[in-house]
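Student: Construct the entire structure; sequences and hints are all you get.
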Amino acid sequence: MFERDGANHEEQNFPDDFERELQAALRPRAAPAGFTDRVMKMQQVVRREPSDAGISNRRASLQFSNPQMWLRKSAAAGLLLVVGLGGYLQHERLHRIEGERARQQVLLALRITGATLQNVRQKINETRP
Amino acid sequence: MHSANAKSFAPLPTPSAQRFRELVQAHQSRVFSIAYRIVGDSGLAEEVAQDVFLALSRHLDGLQSDEHLLAWLRRVAVHRATDALRHRASRVDFAASEFDEQRAFPSSGRENGLSGPAANRMEILVASLPPPQRAIVLLRYQEDMKPAEIAAALSMPVATVKSQLQRALKLLRVKADRQKMEVPHV
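In order, the protein sequence lines correspond to chains L and B.
Take the first sequence: its position 125, counting from 1, is numbered 123 in the working numbering, and each next residue is one higher.
Heads up, the working numbering is the position in the second sequence plus 9, with the first residue counted as 1.
Quick caveat, the hints were computed from the structure, so don't treat them as lab data.
Among the hints, erroneous ones may be present.
[As the list claims (entries may be wrong)] So the derived list for chain B, only partly shown, Cβ under 10 angstroms to chain L, looks like this:
id	residue
1	Gln34
2	Val85
3	Val146
Bear in mind that the values here come from a model prediction, so they are computed numbers and not experimental data.
The C-beta atom is built at its ideal place from N, Cα and C for all residues, glycine as well.
Tutor: What follows is the structure, given as structure tokens:
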């Protein structure tokens, strides 16, 4: 019974018709024509690549092995940093000027209010008998 | 001076390239068949088989004997084909029951000694199994491996292989009987 179910037939190979039919149907089939040549060509291409990661790794290693490229990238990064820092400082300066202007306006308003109150108090004192 | 294989390449083949070519020729049918019967698509199976051989070219130095090499090829073929099937399943809702018989298994059988439709029917039945059982059935009946060898190749306990095999055969028998009842003249 077990032999029929295929589990305990390590010694005797496929004793029943169904398993023999299965084995016959599952014989290896031929690979497509030209398969070996295609694999050999691909293998030659892959062998030229330094690793599995291939293109991206090669690109990365090229960037650091080429000093001109490295210099150009560093200059671009430096320029970007300078522009960014300049923009930040300019923004800070404008912010400070705005703040100062607002402070001056508040002081002026307080001064006007103080003077007005002083006038009112003076007029009240004058009209008092 | 030129060997028969040298004509397809501009440079003369090195001994290692020549050895690799011989290995590809010797095992291409086996690797392609495993991939084909797991993924059920000729184009994808060829991609998987190429991938397996490219991996082999990188690991060739570490493989000491022919048995080791054969076990490695079977194991990697099953794993890569299963991965390819999983990736494809995530892209399209693929089901073995939806196989187009002519597209998937157009000419099986004649070279096997079985009549075409009978072999085709068996391949389709195997393709309808869940992927782990499919791989076990393939290694058992295509590669003629024993359960212990399958267990080693798939890194699973022998008892699991046996129970999966038993379950797969039971399922195949039920499906085959059902088919015979539906099409009594086949």
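Student: Take the hints in turn and mark each one as holding or not.
Tutor: Hints, one by one, checked against the model:
1. Gln34: Result: holds, 5 angstroms to nearest chain L Cβ.
2. Val85: This interface hint is violated because 14 angstroms lies over the 10 angstroms limit.
3. Val146: holds, 7 angstroms
Checked against the numbered hints above, the structure breaks only hint 2 and satisfies the rest.
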